[in-house]
Structures are given as structure tokens and as C-alpha cells.
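4 protein chains.
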Amino acid sequence: MAKNTTMGDSSKSEVWIGFDLGGTKMMAIVFDSAFNAVLRKRRKTKGHEGVQSGVARILETISETLAEAGIERGRLRGIGLGSAGPLDLDEGIILDAPNLGWKDVKMKATLEKEFGCPAAVLNDVDAGVYGEYRFGAARSSRCALGVFPGTGIGGGCVYDGKIIRGKTNSCMEIGHIQVIPDGPLCGCGLRGCLEAVASRLAISAAAAQAAYRGQAPHLLDIAGTSLDEIRSGALAESIDAGDTVVESIVRNAARHIGTAVASAVHLLAPDCIVLGGGLVEAMPDLIVGEIASSARKKVLPSFADTFTVVPAELGDDSTAMGAAAWVREFSAEPIAEKV
Amino acid sequence: MAKNTTMGDSSKSEVWIGFDLGGTKMMAIVFDSAFNAVLRKRRKTKGHEGVQSGVARILETISETLAEAGIERGRLRGIGLGSAGPLDLDEGIILDAPNLGWKDVKMKATLEKEFGCPAAVLNDVDAGVYGEYRFGAARSSRCALGVFPGTGIGGGCVYDGKIIRGKTNSCMEIGHIQVIPDGPLCGCGLRGCLEAVASRLAISAAAAQAAYRGQAPHLLDIAGTSLDEIRSGALAESIDAGDTVVESIVRNAARHIGTAVASAVHLLAPDCIVLGGGLVEAMPDLIVGEIASSARKKVLPSFADTFTVVPAELGDDSTAMGAAAWVREFSAEPIAEKV
Amino acid sequence: MAKNTTMGDSSKSEVWIGFDLGGTKMMAIVFDSAFNAVLRKRRKTKGHEGVQSGVARILETISETLAEAGIERGRLRGIGLGSAGPLDLDEGIILDAPNLGWKDVKMKATLEKEFGCPAAVLNDVDAGVYGEYRFGAARSSRCALGVFPGTGIGGGCVYDGKIIRGKTNSCMEIGHIQVIPDGPLCGCGLRGCLEAVASRLAISAAAAQAAYRGQAPHLLDIAGTSLDEIRSGALAESIDAGDTVVESIVRNAARHIGTAVASAVHLLAPDCIVLGGGLVEAMPDLIVGEIASSARKKVLPSFADTFTVVPAELGDDSTAMGAAAWVREFSAEPIAEKV
Amino acid sequence: MAKNTTMGDSSKSEVWIGFDLGGTKMMAIVFDSAFNAVLRKRRKTKGHEGVQSGVARILETISETLAEAGIERGRLRGIGLGSAGPLDLDEGIILDAPNLGWKDVKMKATLEKEFGCPAAVLNDVDAGVYGEYRFGAARSSRCALGVFPGTGIGGGCVYDGKIIRGKTNSCMEIGHIQVIPDGPLCGCGLRGCLEAVASRLAISAAAAQAAYRGQAPHLLDIAGTSLDEIRSGALAESIDAGDTVVESIVRNAARHIGTAVASAVHLLAPDCIVLGGGLVEAMPDLIVGEIASSARKKVLPSFADTFTVVPAELGDDSTAMGAAAWVREFSAEPIAEKV
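Top line first, the protein sequences correspond to chains A, B, C and D.
Under my numbering, the first residue of the first sequence is numbered 1, with each subsequent residue one higher.
Under my numbering, the first residue of the second sequence is numbered 1, with each subsequent residue one higher.
Under my numbering, the first residue of the third sequence is numbered 1, with each subsequent residue one higher.
Under my numbering, the first residue of the fourth sequence is numbered 1, with each subsequent residue one higher.
Isolated chain A (complex conformation) (with noise of 0.2 angstroms):
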């Protein structure tokens, strides 16, 4: 995790900030030159409330974190914002995020503007990899392929400093890689999707049904049978406390997302997978051991060796830690130039 550090004569130079537009929360940090976190603003999204306010509001939180950090927006160098949803990576345009309702928010326009400074708008998993990639536990990795479990299951990669994208949009959607024929109904509608066996929500899913059979006592006690009650938390206190049922559910989980990792070695030779999310935080051995040994069983010999498994290590900091990396390394054009 990235260290808040005394800035010293560091106090004049360049900052950037980067954002984590989520569904539930907002977060903004800035990042001196030496890119430590000098500042962290969090706030709720409130996306029902609307476009036009949501949009305020992230403008406000940037502000008020560079005046609360006591910067002028004369040093600030770029803004890289992670968005979930389908994007216009060139244009900076979110283009649906459904959990906020927002259509057609041309944020990097915004941003530019408002703040005078070049802005990027990446995927978040993708901001979340490349901060991975750049600081944290992929760090000097040629190839880093991100995996990360939650509601759905997220993927990311970074391959030869760039992160693989498409036309217009990210991709990497390891989510959607099918792993059960004819599987359960995923909430894109496709079948047997990785996202639909194998995230947190499916997991609980199947963990609800074990305690409603009563063969996860624990986790009935403390947590019943609600989808809203059963989170990463939950689950892993109950493996604690001995529901094994909960244990088998996660590993049948993580053993399939060993499968979907295996199919992407096999197209993409990461030399770096780096699980994220509040599931791996909540139970790392557990879910690393089981998707590294999943996968290493179902690639082919000469690339059993060839990648590491490992846990992220920047927390909640790595979609904004990315995004603003991402945009001092390939959006930010030197300050002259804007006077």
C-alpha cells in the first residue's frame, strides 16, 4: 500500500489525482511526484440522483481534496478517473454505467476543462491492474493478467506496458469466458459464464443455499440467508469457524477461475496474475492456492512454470493509483504547454 509521505521540497512540484468512480462510493486521491498519496477524499455516489448532480459532485470532491491537501490546480498535471461500465476510452466518454444510470457522460471533456489539465477515463480494472502493474504486485511484469472476484468478476491486463483494450472500449471481460456449457444464467444473459459460478455474489449464493440446508451452521448464526448479509467478510469468518461446506463452495469457486485463468495463459502467457477484491482480501491463501493450483493443473506443461499467482497489494487505492499513473504516462503533456 502506498505510504502518505511529508512532501518536503516536493511541495511546488507536479500532483495528480486519480478517481475511483464507483457505484456505492467516489474516491479521490491526490499523487505527488513521486507518486505517494498525499490525500484521500471519500464520498458517496449517489448515481439515483442524476447525471447533472453526480457529475458536481465528482468535480467538488476533486476540488476539495486539493484544497484540503493545500495544493494550487496550477500543479496538477492529469486527472485519471476508473469508471465500471462500456466507455469511450478515446473520446473519455462514459457510455452506460449501469449501476449509476448514467448515459453518455463525456468526463474527460469535463475534467479537461474544469481543471485545466489532461484527463483520462480508463475501465477500473483495468486502472486497478495497471496501478498493480506500476507499484504493486505485478510490478516489472511483462505480462500481468488481473483477476478480480466481486458482484461480477472483473479482468484486466497489462501486457508490454499498455493495457490491452479495444477499439473504443476495454476488454478482457475473463467474466464472460464460459466455463459450463449450458451453466447457470449469467446477469448478461449468456450461459455459464465465469461471473455466474464463480464470483463473490455467486458464491453466496451458494453458501445461502448451505446454510438454509443447515450445513453451514455459522454463517446461518451469523449472517442467515440473505445475499445482502453474505459478503467476503461473512464467508470467511464462517470457514473459520468451521462450516466446511463454505470452504468446499469457495475452492469449487476458485477452481473454476483457475479454468478461466488457464484459457487466458493460454492465449496471453501472463508472466504475472494478480487477484484483487474484497473476497481474495478476505480469505488470500485460500483463493490464490486454489486458482494458482487450478490453473497450473489445466494449462499445457510448457506454461505450468511460466506465471506467478499472487494477491493484489494496493487495496482500495489501486483503481485510482492506476488511473492516475495511466494518465502522467500517456495523457499529461507538460504544464508550459497550457500557458
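In case anyone wonders, no lab produced these hints; they're calculated from the structure.
Check the hints yourself; a few may be wrong.
[As the list claims (entries may be wrong)] With a straight-line cut-off of 27 angstroms between C-alpha atoms, the simulated DSSO-like cross-links for lysine-lysine are:
#1 A:K12 to A:K106
#2 C:K297 to B:K103
#3 B:K297 to C:K103
#4 C:K46 to C:K106
#5 A:K103 to A:K46
#6 D:K167 to A:K167
#7 C:K162 to B:K162
#8 C:K297 to B:K167
#9 D:K297 to A:K103
#10 D:K25 to D:K113
#11 D:K25 to A:K297
#12 D:K25 to D:K103
#13 A:K162 to D:K167
#14 B:K167 to C:K46
#15 B:K12 to B:K103
#16 B:K297 to D:K297
#17 A:K167 to D:K162
#18 A:K44 to A:K103
#19 A:K297 to D:K167
#20 C:K297 to A:K297
#21 A:K167 to D:K113
#22 C:K167 to B:K297
#23 C:K162 to B:K167
#24 A:K162 to D:K162
#25 B:K162 to C:K167
Starting from the known structure of chain A, fit chains B, C and D onto it as the hints suggest.
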């Protein structure tokens, strides 16, 4: 549904008791010589209070049922009791009722001693299918297969007038036919069993995920994401209210039941497939139609027109009615011999 | 294997004919009153020469068999004939024998008219399983399930002393249980049927691929890559010679048969599973062991110790023997009545 | 297909050699400065005669090609060689060519020493896809994915102008993506790999079974049941002649390729998918259409219109052409420097 009738002259004639011992409720029904239900009596099972107390409740319930119906014990010709769990069918022992926490209950012997008439213990689903075969939707069929989706998926088969059974226990465990290799963990410890994919509980868990993702707004509204709340009625209501994802989930499950039914058709060539239980009662057209259509697509052409798929007709009476009919047919001896 | 014995005084006693009508060969066997095979007679079937000529060959073969055995027609008490293909079991009609190109052959009536004794037409696999049940590996079992992998995979089941059957045709089509959803196309037009995955023919095709790729050098040497050459004997020989890939292929197929057997166990609770046919005969230990182990892993714990898996004992005699035994048991009337 | 052209004034200009080292045949092509094929020369590979003799044949073939084309060695600016099997791409070493029986062949060094110009060793499928990307069906695409079904199923991907590769070896092993969990054994030892299900070899094996069962009479007539005979041309001919089962088999395989392509689309978002190899050439419409339709059904809606699926255009030239183009683009140094 069998109707109560005035008994007229038959008031002196023979009667039978059918008993449905469920995980939460028990029910006794007195049947007259025409096999009309004279009187039903329901009680909570309270399995957790122990075997002794539970058996006492059963005996009491039967006694009270007879008393309330104004029937002398001498007219009782047989008692048939349906119960879940591993049984010794010949000795009439409930070997292990995990939903009650009971083991090795010599039910048949106890009933026969107490009431001085023949008794039989049957698997509850077998009894229900036998009931449908004798009095309900599978009347006069040559080979009736019953499938009852609920927390699990029970099955039973009446072939040539008799329930197909194992050496000492029941069989026709259609819920544990594998429909998805390497599929979801079943409560039994195996993977990809039909009931792990298509039971009411599995459907509820899939629907809970849809509700959590915001894809089943009506269900979320009326039942949240808790499996305790998402029961058959709520599923039916949400489908009626327009939650199309829930309908897809139910259809998908029914399709898998159709696959297992097709396997059973290939093995046993039933001419009548009876579907029962709360889920089927809540949406008979949708489920019966989908199972029938799926099964027909997955059988050899020569089997496609050899069976009908129908909803059960006896509702909650089926187990008691089938158990009583079974004891009349195969265990009851003339009262004269008893004297 | 039933042995020929000298008939001694029994030379005047009653005899039965069992007839095995195969796609390429037919065989008649005369059984004495102790059900020893007195004489076997084989001929080519020559189905392509047409029904009339084919039926004539059958009648001739039976007549000659009796004549060669020195048995007068008056001593013949019944004829049982086993045949593949859709049958009318009650009327004894071969409805459609695709391997012969015959349709609607009233076999039972023809045999009864010609020989003046009861006749029965059975499905050949059913007859074979009945043979094993009466005289072979499944002697005295309560419920015997037979599985015979060959070009397809045939099944039969004797339950409570009788062959389980459909209304007019045979059933127990274990070869068409789906084991791989969306799996390989079966000859029947469905996908993922057991016989598309695990028949002798499917094994040969997989082995042919291994041979083609150079991974089964011995098989390539003795049989090339032609399915006409890669038969059970060649498979066994190549495994013995060290073609480990061929062994893996056979084990893999046997594992799938085990899955289908597990489904049948869940439905029918057989206590004896008999495996027969050329493939099993060529490598009984490997196949019986693998099927048994796979089936045991895939059944509910309460079923794991309820069945044995054994190789058939009657070899090529099983169908004729079972058919003859069936007619003796269920169709033969006292000769006196005929006179 | 690139055409030979008269070279006119360019007769003094620079040339490149592309070399396709196959399991049974090798081919050298001289390309002029406009990348027209000036001359092709084919020879048998004779891998079994050993590395030394094999390398000598390669050098000879190149020399003769130049000589026959009347080109002095000084005009040769680079040699690109495509080969199967694990390679060291940086060092240009063929680590293991199982189809030739060769190991650790320092091809790049040998070629550079012999001809005094830069050389590169590429995976043959990668080279072919690069060829299509530069000169063929994937011209000017942003991300070109190539899939070549044959004995196995090869894949390659040109992303942003470069071949996606592993650290030292090639990747994009689409043939080893798992499409059927617990599916057929692959030549690589894994189960359910795409190439075990849908390669030309797998198709031939399925068709051989249909021929054996009498369901593909035309195929049986022209090719029997031997995998050596059932090649792409025979498959196409039998389909044209009305063997509908063979068509179903090919469509089924193509459908599975579509599933794997969908996985690759989810990860890499290619805009152009090029299908090549003998099978595709023999029935381009059927296969391209079926793969395209299957892939579109199995991708997220947002990806459905982002790619085209097209047949390759360069035929047998693709590997040599791509390898030569690659060396020109990335390895060739100015001749001046050589002098």
C-alpha cells in the same frame, strides 16, 4: 382432491389412516372404505424435542383423529406412514431423519402394537406418487414417474402397480442424477446433481442473485435477497409482475429437470410423469410445459410420444393418501384374523 | 459358460430353443430340461437378402438344429428370440431392424405356426441380461442391471424377476443417457449420449486419433487409423504393448459409463451390475474396475455399498439362453394343451 | 493470394526470404521489394533423417531458390522462418519440434551466419496470421486473431501491429482452451480442449464413426473409416453428396470453435478473426458462417458487432509471407551496415 363425503351406512365399515410425517408438520387423514378423506388433523412435528416425544405426538395425533371422526379403533384396518430419509422399508424403521434429528425409530412395530392393525412405513415421495397413481393425475398409468422439486428434488416410480424400491430403502433419487459434470456442489457432497441445479432452493438462490443485481426489481421488493423469503409464491408473483429474469431462471431449471426426466424415460419408459410440490403448484403451466418440452427434445424419437407430463392433483394429501392406499393394498390383513 | 452335457434319460424330455438374431450372424441353441446347451448352430444373417429369405433362414436354422441334435419337434416347448431394434414385445413383431433393413416381421406368429409351440421375441440385450440373471454373473440378484458397450451401448434390467420394459417396446436405453451436455453428436441425433462418448466405437475413434498423432505407435502398427480395424482385440493388444494413451482413452470412457451407471443406481438401486460385450471381454479387469470405481464415486453414500459390478459370464450364449429361459418362464404352456 | 510479378527495375533491389518449415514439407519463397513472391521452392522435410541433414536441406533450399530466381546473395535483406513447436523466439532456436524429432536447433544463428543477413524464427501460425494481417484477409485490422484448424487448432494474434507472444515462446494457444469440462482427452494430455473437440482430426474421427454406422454412405464409399483417408477434401465431397450427418458434425465442431473464439473476443476484442487451413479452404462458407454465428451468440451484446470473421486469403504462402514480412519490419538492418 379427494372430497369428504357423508359416510351413511359405511359408518360401521373399515377405515385406514394415512400419515404424512414432514420436517415441520405432521398430518393424519382417516380414509373410509371408499377412500374418501373423512378427517384431517395437522400438528407441528417438533422433531427437535426428541424421538420419544415425537413418536408420542404421532400416536396421539392418530388417536385424536379417530376420536374426532367418531371411529372406533376396531374399524381401523391399517396405517400407512410416509417419511423422508433412509428407511428400512421391510421392518418399517426410520433409520435416519436428518430434518428431525431422529435415528432408528421402529415406527411400524410401534404403530402395529398401539393400534392392533398392520402398518407400513414408506418414503414420503414414493407414497405421494403412489397416491397420484391410485387416485390422482397418474390414475391407471402403467408406469408413473413422480418428480417433486422442493428444497431437494424427490422422485418416485410406480411400475406395474408397485413402487420401485431398493433392497431395504427407497430409490428413484432423480434429484441426484448428474446433469452438469463438474457442476455446482450438491447438499449431498456430489457435484452437478439435478437438485443442486434445479430445486426450488437452487432457483431461489439464482433469483436472489438477480434481485441483488437489480435485475428482478419486483422480487427484491417483496422478498429481498433472503432464501427464507424467496419461496414459490414469491417467485410466481415476481414473474407475474414482470421479472423476466426470474422467469428465465425457472425455465432454465425446468429445462434441466427435463434432461433428468429424459434419462429416466430412457431407462424406465414411464407413460405418465407427475410433477408436484409447492413450486409446481405455484406455476404449473410454466413448469409442466417447460419440463415436457425439454424432455421430449432429449429423448430418442421412439420415446417422444410415449409419455404425458402432468401436474399432481392431490396436493398436500398425496403422501398420506398414497401411504394409506399402499397399506390397504399390500399389508392389510382381514380384521377377522386379528380377533 | 453353460456346458454341453450328455442328456442320458432326459433324451425324451422337453427342450427349448434360444435364438440370437444379430446384424451379421444368427445363432440357434437347443437347451435341454436342465438348460444345458445341447447344440449350437450359427449362420450368417444376410439381412440384405430381404425379410422373406431371412425368415426362411431362421426357420431352417432352427429345424436343422433340432434335427442335428436328434430331437423331435414334439419335445420343443418354446422358442425365445432376441433381436435388436424397436419391437412389439406383446405381438412379437420386429418393427424395424435397421441393421438388417427389415420392417414389421411377425416373428412370434411365424415361429408359433411353424413349430407349434409358444414363442417370444425379446430385445437382445434384455435377453442377455435375463440370461445372466438366471444362469450367469447376476444369478439370484434382486435387481440386475446389464450394460453392454459395443457399436452402441445397450442396457437391460431384470427387476424382481422380470425384465423392465415399456408399453410395447424395450427400454433401459442407458446408452442414450446424456453424460456431456452439448457433447458429441450421437448416432441417434441427440448430443452427449453415453454411447457417443464411451461406446467401443467412440473409443476406437479416439484411439484412431491418438494413432494418427503418433501417440499410439503399437496400435498404429497393428490396426492403422481405420475404425474397421481398431476393434476390441486391437485395443487390448495395444494397451498390453504399452500404448498408455489408449489405456487412458479406455479408462476415460469407462469413467463416463460409471457416471451413467450411477444415474441408474440412483433410480433403480440394482444390487448387481453386469458388464458384457466384446470390449469388456477383451479387458475385463480394466473396464470393470474403472466403471465400478467411477460409479461408486458418483452415487450417494447410502448407495455406495449396495451393488457389485461384475463381468458377464455367458459370453455369446447370453442372448439365446436368456430368450429361451424367458419363454420357459413366462410363455410356455404345457405341451398337453397343444395336442 | 500474392501473385508473381515481373520485377522490372526492381531486379537490383532488396529481397527477403520467407521459409515455411512444416512436418512433411518445407517451402522457401523469395519476395521482392514490393513483397511479391518471385519464386517458390518446395521440398520434403524428411525430419527423421536428423537435424544436421535437415538444416542442410533448409540452407540448400534457400540457396537454390535465390539461384533459380537469379538473385545475388547481397540483395538478401532478411530471412523469416516459421516453424511449429516450442521455440526460443529471441534466440531463434527451435527447442523441440516433435513432428520432426528435432531439438535445440539454433536456426537463427545458422541462417544469419550462412547468409549474412538478419533472420528470425517465428511460430508458423503466428507468421501466418501476421501474413494475413499485412497482406491478406486481416489487412489494416487493429487486432487480428487467426484460427487454423488442422490436426490440432493453431492460433495467433497481431495486436497493435505486433504478434502477441510469451516471454520466450509463442502463445495464443486457442486450441487448448477448455470448451467441454471433463471432455475428450486431448493429445496434450488435458481434457476437453478445443482441438480435442473441433480439429480437423476430431471431425474426421466423428465422421469415421458415422461412416462405420452407415450414416455417411458417401464418405464410407470414398474414404472408408480410416483417418488417413478422411481428409478435408473427402469431408467436403461427402457433404456435397448429401451426407447430412457429416455436415452436422462439421457444424457442431465449428460451433465449438465459435465458443473459443467468443472467449478470445471477450479477452482481446479483435476486430478481425481470420480462419485458415485446409478444412476452412475446403468449405469456407459453411465453416466461416457457423463460427461467426456461434461466436456472436456467445459474446456480450456490446461485442457482437465489433468483429468480422473471414477466411484467410494467402493459402499456403501465409507462413512464409508473414515470416518474411516480420523480419523486414522488425529485424532487418540496412545492407549498408552489413558491408
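Status of the hints after comparison with the structure:
Only pairs whose Cα atoms come within 27 angstroms are accepted, and A:K12 paired with A:K106 is rejected, the gap being roughly 31 angstroms. Taken as a hint, the C:K297 and B:K103 pair is honoured in the structure, with Cα atoms around 25 angstroms apart against an allowance of 27 angstroms. This hinted pair checks out: B:K297 and C:K103 have alpha carbons roughly 26 angstroms apart, not beyond 27 angstroms. Distance check on the hinted pair: C:K46 and C:K106 sit about 18 angstroms apart at the alpha-carbon level, within 27 angstroms; holds.
Restraint check for A:K103 and A:K46: satisfied, since their Cα atoms lie roughly 15 angstroms apart, inside the 27 angstroms limit. For the given pair, D:K167 sits about 25 angstroms from A:K167 by alpha-carbon distance, which is consistent with the 27 angstroms threshold. Between C:K162 and B:K162, the direct Cα distance comes to roughly 13 angstroms. Compliance with the 27 angstroms bound is thereby established for this hinted pair. A C-alpha spacing of about 20 angstroms is found between C:K297 and B:K167, which places the hinted pair at or below 27 angstroms, so the restraint holds.
Under the criterion of a C-alpha separation no larger than 27 angstroms, the hint pairing D:K297 with A:K103 is consistent with the structure, at around 25 angstroms. For the suggested pair D:K25 and D:K113, the alpha carbons sit about 24 angstroms apart, so the restraint of at most 27 angstroms is met. A C-alpha spacing of about 34 angstroms is found between D:K25 and A:K297, which places the hinted pair above 27 angstroms, so the restraint is violated. As the CA atoms of D:K25 and D:K103 are separated by approximately 18 angstroms, the hinted pair is consistent with the 27 angstroms bound.
Taking the CA atoms of A:K162 and D:K167, the gap is about 16 angstroms. The hint holds against a cut of 27 angstroms. Between the alpha carbons of B:K167 and C:K46 the distance comes to roughly 45 angstroms, so the proposed pair goes past 27 angstroms and is violated. For the proposed pair B:K12 and B:K103, the alpha carbon gap of about 38 angstroms is over 27 angstroms, so the pair is violated. This hinted pair checks out: B:K297 and D:K297 have alpha carbons roughly 21 angstroms apart, not beyond 27 angstroms.
Between A:K167 and D:K162 the CA atoms are separated by roughly 16 angstroms; this keeps the pair inside 27 angstroms, and the hint holds. For the given pair, A:K44 sits about 19 angstroms from A:K103 by alpha-carbon distance, which is consistent with the 27 angstroms threshold. Distance check on the hinted pair: A:K297 and D:K167 sit about 20 angstroms apart at the alpha-carbon level, within 27 angstroms; holds. Only pairs whose Cα atoms come within 27 angstroms are accepted, and C:K297 paired with A:K297 is accepted, the gap being roughly 21 angstroms.
Pair hint A:K167 plus D:K113 does not hold up; C-alpha atoms about 42 angstroms apart against a cutoff of 27 angstroms. A C-alpha spacing of about 20 angstroms is found between C:K167 and B:K297, which places the hinted pair at or below 27 angstroms, so the restraint holds. Using a Cα cut-off of 27 angstroms, the hinted pair C:K162 and B:K167 holds, with the two alpha carbons roughly 16 angstroms apart. At most 27 angstroms may separate the alpha-carbon atoms for a hinted pair to count; A:K162 and D:K162 meet this at roughly 13 angstroms.
The straight-line distance between the Cα atoms of B:K162 and C:K167 is roughly 16 angstroms, inside the 27 angstroms bound, and the hint therefore holds.
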